[in-house]
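Enquirer: Sequence:
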Amino acid sequence: MKRRELGQSLAAISILFLVILPVLADAGTISAAANPAPGVSRVAYNKLPLIFEANRGQTDAQVKFLSRGHGYTLFLTSTEAVLALRKPQAAAQKLDSTLSPSPRVKGSLPLASPRAEDRALSTPPSPEGSLKSLPTAEGDSPLSPPPTAGEGQGGGAVLRMKLVGANPDPRVVGREELPGKSNYFIGNDPKKWRTNVSTYARIEYRDVYPGVNLVYYGNQGQLEYDFIVAPGADPAAIRLSIGGADKQEIDDQGHLVLHAAGGQIRLHKPLVYQEVDGVRKFIPGRYVLIPSSLSLLPSGEGQSKGTIRIGFEVAAYDASKPLVIDPVLSYSTYLGGTGADFGNGIAVDSSGNMYVTGYTASANFPTANPVPPGLNAGGYDAFVTKLSATGALVYSTYLGGSGDDRANGIAVDGVGNAYVVGSTNPLDHLYSNDFPTKEALQAQFGGHTDAFVTKLNASGGLVYSTYLGGLDYDGGFGIAVDAAGNVYITGDTWSDTFPTTPGAFQPALSGPAQIDAFVAKLNAAGSGLVYSTYLGGNGGVPGYGIAVHGYGIAVDASGNAYVTGDVNNGWEPDRTKLHFPTVNAFQATYGGGSFDAFVTKLNASGSALVYSTYLGGSGQEHGYGIAVDGAGAAYVAGWTLSSDFPTRAGSFQTVYGGSTDAFVTKLSATGGLVYSSYLGGSFYDEGFGIAVDASGNAYVTGWTGQTFTTNNFPTVNPFQTAMSGFTDAFVAKLNDAGSALVYSTYLGGSGGETGFGIAVDASGNAYVTGSTGSSNFPTTSGPFGPGGGDDAFIAKITAAVPNRDPVADAGPDQTVEGTSPSGARVTLDSSGSSDPDGDVLTYTWIESGNMIGSGKTIAVTLSMGTHVITLTVDDGKDGTASDTVTVKVQDTTAPLISSVSASPSVLWPPNRRMVPVTVAVSVSDICDGAPRCRIVSVTSNEPVSGLGRRDRTPDWEITGDLTMNLRAERSAKGRGRVYTITIRCADASGNSSTKTTTVTVPHKKPKKEKKR
1 MKRRELGQSL
11 AAISILFLVI
21 LPVLADAGTI
31 SAAANPAPGV
41 SRVAYNKLPL
51 IFEANRGQTD
61 AQVKFLSRGH
71 GYTLFLTSTE
81 AVLALRKPQA
91 AAQKLDSTLS
101 PSPRVKGSLP
111 LASPRAEDRA
121 LSTPPSPEGS
131 LKSLPTAEGD
141 SPLSPPPTAG
151 EGQGGGAVLR
161 MKLVGANPDP
171 RVVGREELPG
181 KSNYFIGNDP
191 KKWRTNVSTY
201 ARIEYRDVYP
211 GVNLVYYGNQ
221 GQLEYDFIVA
231 PGADPAAIRL
241 SIGGADKQEI
251 DDQGHLVLHA
261 AGGQIRLHKP
271 LVYQEVDGVR
281 KFIPGRYVLI
291 PSSLSLLPSG
301 EGQSKGTIRI
311 GFEVAAYDAS
321 KPLVIDPVLS
331 YSTYLGGTGA
341 DFGNGIAVDS
351 SGNMYVTGYT
361 ASANFPTANP
371 VPPGLNAGGY
381 DAFVTKLSAT
391 GALVYSTYLG
401 GSGDDRANGI
411 AVDGVGNAYV
421 VGSTNPLDHL
431 YSNDFPTKEA
441 LQAQFGGHTD
451 AFVTKLNASG
461 GLVYSTYLGG
471 LDYDGGFGIA
481 VDAAGNVYIT
491 GDTWSDTFPT
501 TPGAFQPALS
511 GPAQIDAFVA
521 KLNAAGSGLV
531 YSTYLGGNGG
541 VPGYGIAVHG
551 YGIAVDASGN
561 AYVTGDVNNG
571 WEPDRTKLHF
581 PTVNAFQATY
591 GGGSFDAFVT
601 KLNASGSALV
611 YSTYLGGSGQ
621 EHGYGIAVDG
631 AGAAYVAGWT
641 LSSDFPTRAG
651 SFQTVYGGST
661 DAFVTKLSAT
671 GGLVYSSYLG
681 GSFYDEGFGI
691 AVDASGNAYV
701 TGWTGQTFTT
711 NNFPTVNPFQ
721 TAMSGFTDAF
731 VAKLNDAGSA
741 LVYSTYLGGS
751 GGETGFGIAV
761 DASGNAYVTG
771 STGSSNFPTT
781 SGPFGPGGGD
791 DAFIAKITAA
801 VPNRDPVADA
811 GPDQTVEGTS
821 PSGARVTLDS
831 SGSSDPDGDV
841 LTYTWIESGN
851 MIGSGKTIAV
861 TLSMGTHVIT
871 LTVDDGKDGT
881 ASDTVTVKVQ
891 DTTAPLISSV
901 SASPSVLWPP
911 NRRMVPVTVA
921 VSVSDICDGA
931 PRCRIVSVTS
941 NEPVSGLGRR
951 DRTPDWEITG
961 DLTMNLRAER
971 SAKGRGRVYT
981 ITIRCADASG
991 NSSTKTTTVT
1001 VPHKKPKKEK
1011 KR
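Heads up, the sequence shown is in full-length UniProt numbering, so the first residue is 1 and it goes up one at a time.
If you are wondering where the hints come from, they were derived from the structure by calculation, not from laboratory data. Mixed in with the good hints there might be a few duds.
[Stated by the list, open to error] Ranges of calculated distance between the beta carbons of each label pair, as one might list FRET restraints:
#1 Gly865 / Ala389: 29 to 39 Å
#2 Ala737 / Ala389: 45 to 55 Å
#3 Thr497 / Gly672: 44 to 54 Å
#4 Gln264 / Asn538: 37 to 47 Å
[Stated by the list, open to error] The calculated lysine to any residue pairs, modelled on SDA-like cross-linking and capped at a C-alpha distance of 20 Å, are:
#5 Lys162 / Glu249
#6 Lys191 / Ile283
#7 Lys995 / Ser903
#8 Lys856 / Arg825
#9 Lys438 / Leu529
#10 Lys269 / Lys191
#11 Lys192 / Thr501
#12 Lys995 / Asp961
#13 Lys247 / Asp189
#14 Lys269 / Pro210
#15 Lys64 / Arg194
#16 Lys281 / Lys247
#17 Lys247 / Arg266
#18 Lys995 / Lys1008
#19 Lys1005 / Ala968
#20 Lys162 / Thr79
#21 Lys321 / Arg266
#22 Lys438 / Val463
#23 Lys1005 / Val915
#24 Lys1005 / Thr880
#25 Lys888 / Asp809
#26 Lys162 / Phe282
#27 Lys856 / Pro812
#28 Lys888 / Val915
#29 Lys1008 / Lys973
#30 Lys162 / Ile283
#31 Lys1007 / Asp961
#32 Lys888 / Pro943
#33 Lys888 / Ser903
#34 Lys1008 / Ser993
#35 Lys64 / Ala233
#36 Lys1004 / Asp961
#37 Lys162 / Val215
#38 Lys856 / Thr819
#39 Lys1008 / Lys856
Ideal Cβ positions, reconstructed from N, Cα and C, are used throughout, including at glycine.
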């Protein structure tokens, strides 16, 4: 068997964009660097079509279908197409190096998410220096006047395209229904929820003009619409009225260019063609601008702001055949979602399905009147999107009320149920007291901000949904689920009325003006608390107190919960006066600075701490992500400003890089430090999400920043070798010892990216989600990447491991029965052979140096005897394996004697002479064409040897196999003598059978038969 040494694991990546979900456009193989490292494995998702969603009440009633794409939401009514466009944020806005954070105090809006865009609200003034911050996403309040033509959400634009003089009530139908569904759980009135909303690849308007149909569809992520002109119909009847542009023109290439809100919308020169015998024949055609006087403007001249009309001029064509006019829309600056979107959490199930959650700016149909209350009412809605292993949309579910509702974490169980945690936040003094609840532990809004916990079934339907909170602020950030479906969540609370359980570790808030973390376990039905406890401390300057925030949680097989977050010093300069509960701690005292991270292990009943420790140096630390392996070791990710952050010798990076560094720390099941490493360069680097595989490799994501000239974040086998903007996401894999990077790569474009959540499957593929504000984020194959505002993204990164040898299995040894003189037909089956990499195998069967067959299963004729056969399997990548099978072909079936006769069969006269007798045998054998038959014995019913006289010689003698001499003799007193002759037939394998025949010497002379 050929063996090879294992090489390095290299990173590869494929990207999906969640741009105002559920649409994920341009999903395919990501474009790579010009000279990628050898061995990079690329994971390709199938191209996803642009999705058109049927309106089932999730938006304004006049809308028939809507589609969310890169930079726009398209609303299709009976009479017009409305494009709500969003203007992108400038890349320069992505980095703010002069952040002056303020402390959390009672009465101010608390942290809704520990994510980058909100981190300023959770970070007290820091003596260590300024911190990097991503800007808070901007979104329009649903209570503000909705945009009209020319004014879109987030500073974008609204374009309205209407057919002039067209059928006012055409039939609008969805074509090519897609498997993905959408669910809307907006508000707490189940009657207004919309589930299982169908999606389509194409929308057809029938007979918009006589003989003219209009079809909307997506092509490689671009929105296209075709006018299909039937034979004899007039294309000159088609007139488009477009409102909302500041200026419009037809450029030198024949494209219609619309200027709106500082950007351009380009309608490419229409393709006009007819299909003749399956081949497209292109017809010259162009746009024409139609001013009010109906005279035509030449190319290069434009019209001023207002509603314009355009038509199509088509050269001569065959009017007896259908004609297709195909314009294509593209956006030069509208490359983001129609609102800001953030992917905060991601999970993956055993089948490779991906589940991502976060929040998205609510997209409302731009009308002159507000959207009906209860649907997309809040500024942000939580979303959960499930994608198959191939990247196909399974469902998108939206969750929200009147406030600002954000999902921060997600977990998935063994049957595909998704569990989401987040926060319902106030918006413009409106509370989310109508967040959707079902089978709720707490059906009523507690006050200010509540955490929420929601369970969705495998199809995205609501199983249960509940508030979790008291009268003040309560935020939910981390979630985990055990094998029984019990849910574990963590977050933070100001509420002294937060629901806790008797016997819990800390049943009451630490004190006035305190912020405590909380840890709660919900039963599998979501109907009750198994336990719920505060997790806080005391100390700090009077009026402030220390603040403890729980951000990440994990659970082991025994039900122990592992929590990480941070502890704020409450403005107390004397760290000995800070008292966060520590048990079996490797760091029992506060490290210093404004924040320390912490790691706490809570027992299965929630009644006691197994261990609890600070994790920090003299600067500032925050723990955001935590994972646990099968041995109960905890892996923590976060970031630090400390040059004396606790590291351990032998870890990957024991020296502080500068500014902020991400960190990765592993603790044993008892809380001891296994390894601890910085992960960063000289500028800002922060870690947020962490996952661990079965081998103990840790996967980390976050973001890294750069100065205007350099970044030296550590990369190994990177897919993206250099930063593209001020901030990029990063994805890194550490080996099981924490001593080296397996891979580490940038992930970003020219704007700003942050990786928030990460998951890993059984094969070591990493799944990352976060947000991007880049118009050139690493794109999948296709004309558009994301951009504008902030878009959520999903990246799947596959480690390209060296080829592994296959496993050969020739099957069990066999003993088979021969079926013919040539032997037996034998089946050789190697279906037990396998390849750990999933490679396609070839099979070769050899006996005594000669190939007897190829294929996984073969049938071959083997002769009688023992055969040793060798199977060799080959994966086509220099990986081979061999196995042998012994086959014994045997014959255990005796010959079949069908008849035996002697000639003569009657001896007369009884003259005591020896008479020659010949025996005839009819015999057959399966494996022997000529079995040997012979006489083996003769017996007589009378005494023999010299009967009646003194002759003692035998009365018979065998002279050959089937010949003998018998004496013609009998007793005078008897009825005659009967000789019984036994014949035995044996085959070549030694199997034999016998049969007898008789020869008689009658007492009386036999009578001759009369002739007839």
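Enquirer: Just pull the numbers of the violated hints for me, sorted ascending.
Expert: Numbers 1, 2, 3, 4, 6, 10, 11, 13, 14, 16, 18, 21, 24, 26, 28, 29, 30, 31, 32, 33, 34, 35, 36, 38 and 39, in rising order.
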